[in-house]
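Visitor: Assemble the complex: chain A is given as a structure, and chain B must be docked to it using the hints.
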Amino acid sequence: MTPVNTLIAKELRSYFVSPVVYVVGAVFLLIVGLLAYIYIVFTGAQAIQLMQVQGQAQINLNDLVFRNLFSSIRFVLLLVLPILTMRLFAEEKKLRTFEFLMTSPIGLNEIVAGKFVSVFVLFLGLLGLTGLIPLTLALFSDFDWYPIFTGYLGLVLLGALFLSVGVLASALTENQIVAAFVSFGLLLFLWLLAGIGTLLGDTAAGQVISYLSFMEHYDHLVRGLIDTRDLVYFASALILMLFLTHRVVDSTRWK
Amino acid sequence: MIDVQQITKRYGQHTAIDRVTFSVAKGEVLAFLGPNGAGKTTTMRILTCFMPPTEGRATVAGFDCLDQPLEVKRRIGYLPETPPVYQELTVDEYLRFVGRLRGLAGAMLTTAMSREIERLGLGSVQHRLIGNLSRGYRQRVGLAQALIHDPPVLILDEPTVGLDPKQIIEIRELIKSLAGSHSVILSTHILPEATAVCQRVVIISSGRIVAEDTPDRLSTRLRHSEKIALTLTRAPADVEAQLRQVDGVLQVHANGPTGHFLLETQLGKDVRENIARLTVTSNWGLVELKLISMTLEDVFLKLTRHEEGLPQNTGPATAPAGDVNRKGMDVPS
Numbered sequence: 001m002t003p004v005n006t007l008i009a010k011e012l013r014s015y016f017v018s019p020v021v022y023v024v025g026a027v028f029l030l031i032v033g034l035l036a037y038i039y040i041v042f043t044g045a046q047a048i049q050l051m052q053v054q055g056q057a058q059i060n061l062n063d064l065v066f067r068n069l070f071s072s073i074r075f076v077l078l079l080v081l082p083i084l085t086m087r088l089f090a091e092e093k094k095l096r097t098f099e100f101l102m103t104s105p106i107g108l109n110e111i112v113a114g115k116f117v118s119v120f121v122l123f124l125g126l127l128g129l130t131g132l133i134p135l136t137l138a139l140f141s142d143f144d145w146y147p148i149f150t151g152y153l154g155l156v157l158l159g160a161l162f163l164s165v166g167v168l169a170s171a172l173t174e175n176q177i178v179a180a181f182v183s184f185g186l187l188l189f190l191w192l193l194a195g196i197g198t199l200l201g202d203t204a205a206g207q208v209i210s211y212l213s214f215m216e217h218y219d220h221l222v223r224g225l226i227d228t229r230d231l232v233y234f235a236s237a238l239i240l241m242l243f244l245t246h247r248v249v250d251s252t253r254w255k
Numbered sequence: 001m002i003d004v005q006q007i008t009k010r011y012g013q014h015t016a017i018d019r020v021t022f023s024v025a026k027g028e029v030l031a032f033l034g035p036n037g038a039g040k041t042t043t044m045r046i047l048t049c050f051m052p053p054t055e056g057r058a059t060v061a062g063f064d065c066l067d068q069p070l071e072v073k074r075r076i077g078y079l080p081e082t083p084p085v086y087q088e089l090t091v092d093e094y095l096r097f098v099g100r101l102r103g104l105a106g107a108m109l110t111t112a113m114s115r116e117i118e119r120l121g122l123g124s125v126q127h128r129l130i131g132n133l134s135r136g137y138r139q140r141v142g143l144a145q146a147l148i149h150d151p152p153v154l155i156l157d158e159p160t161v162g163l164d165p166k167q168i169i170e171i172r173e174l175i176k177s178l179a180g181s182h183s184v185i186l187s188t189h190i191l192p193e194a195t196a197v198c199q200r201v202v203i204i205s206s207g208r209i210v211a212e213d214t215p216d217r218l219s220t221r222l223r224h225s226e227k228i229a230l231t232l233t234r235a236p237a238d239v240e241a242q243l244r245q246v247d248g249v250l251q252v253h254a255n256g257p258t259g260h261f262l263l264e265t266q267l268g269k270d271v272r273e274n275i276a277r278l279t280v281t282s283n284w285g286l287v288e289l290k291l292i293s294m295t296l297e298d299v300f301l302k303l304t305r306h307e308e309g310l311p312q313n314t315g316p317a318t319a320p321a322g323d324v325n326r327k328g329m330d331v332p333s
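Those protein sequence lines, which keep their order, are chains A and B. One point on numbering: in our numbering, the residue at position 220 of the first sequence is 220, and numbering is uninterrupted. One point on numbering: in our numbering, the residue at position 149 of the second sequence is 149, and numbering is uninterrupted.
If you are wondering where the hints come from, they were derived from the structure by calculation, not from laboratory data. We treat Cβ as the ideally placed atom computed from N, Cα and C, and that holds for glycine.
Pair ranges (Cβ atoms, derived):
hint	chain 1	residue 1	chain 2	residue 2	range
1	B	Lys26	A	Tyr211	58 to 66 Å
2	B	Lys26	A	Arg229	53 to 61 Å
3	A	Gly201	B	Leu129	54 to 62 Å
4	B	Met108	A	Gly195	56 to 64 Å
5	A	Val41	B	Gly123	56 to 64 Å
6	A	Leu108	B	Met108	25 to 33 Å
7	A	Thr2	B	Gly131	26 to 34 Å
8	A	Thr2	B	Lys26	25 to 33 Å
9	B	Gly56	A	Arg96	23 to 31 Å
10	B	Gln199	A	Lys94	35 to 43 Å
The shape of chain A in the complex, shown without the other chains:
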């Protein structure tokens, strides 16, 4: 095993022996399941109404269930992912294993990458479990799979961005609560940039600010549009966050 793989395996091991992952995972899946249930029941009620009025109903599950669901999951991720990332560097500093890691023959790039990949793998696992929702629905109805795939692509990219912000926040402090709140703050700020952009309207500043928020990029993917600009946004934001993490971790050595 290379040092990075060793680190990833150890981080995953640490996640699964702590209760945090189980609690956070259970809450995440419960809330997503509940949201799906609400949208499905709501859609069902609408279908019955249409049947009574028109005698027939064409219900689009993509619009009524999945788009709503993907929009809501965004908010759940914002609450859940900082809890997963908060320990990554903060705990090492608190328990004095940080020095050990930094004096091990493993590069700083590899440490940052290993930390990020481990929590990303965990997130992919959780997200994979939500795949049961469209699979179950597919047994009873027909819908277009393409927007589901792009929606999941959006969730993966959005999750990677949220996680990288969380990793950065964790590198800034040795207090896990502080790390979680810093990532909440940063993510809400990125969210609200979309609102500010809308307020400024169709000006150059408004467009730039809107572009900086993840909202419109994610929305495109949820609507089934794969645009290179959106992919570039997510990729560059991810790289920027990991680069900043690298700088922050490196700078703690100089203090």
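Guide: For chain B alone, kept in the frame of chain A given last:
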């Protein structure tokens, strides 16, 4: 093996270490001795490439700590002040993780793990979570971690802290057994440890090296006079005056309970024979006659106190008097 040239580390205005220079040969064990906050840990952190020095350069096994940190890190086993253990892992898992991180795999990893588990007596706890182990066991796991890749250089920051006396002796034996094949730097403020384990002692105080030599020579070099402890059961009233008559005796002090005396004598003059003759012929009931040399502890106190502005010429008397029971080293006169 380790070469440190003029390294200085400043934190803003505060200078943690100031132009520290020393080197460690292959197979040598060096003690880094100093009061808390003297700069021992800072020096070790620079050597392990955890932090860069503000000035100066340090090389380990021929590799520069700034230019080739990975090569340096591969060759160092480092035990920081707090054993760097992950509480949620078992001892086995932890050592496997550390071994893999340092490039061990397969049969080599298994052999290295069982070697360290045996060497440090971790067999009974190897499947337990580190979080549930006592301080002593965690310290030993920390040592196993530093040794697992069999590095040529070991840097141990207070390796015996938190161990019970039996374990301390075991660890000291272990460090002694590493001498010859490994270069070891260990920091300590426990003085007998430095004398028991190390071939050379560097005393550091307020970030500067104040002395560097073998434990024996350090104490000889800094002696200004010798002392003799004398115990008599039937000392007459004028005993002090009579003892002062002996050639070479400078001062006689009553020392503790009746009949105990402390004699200061001229350096290089062994007066024990004359004193023995006098006390025995006068029938004073001689029960003890012992040369007290300056212990490393005296040297240490003297050097580090001098830093704080105390007069230098107080000699061994700066150490508490009546230290007959203290572990003294016999220095050949």
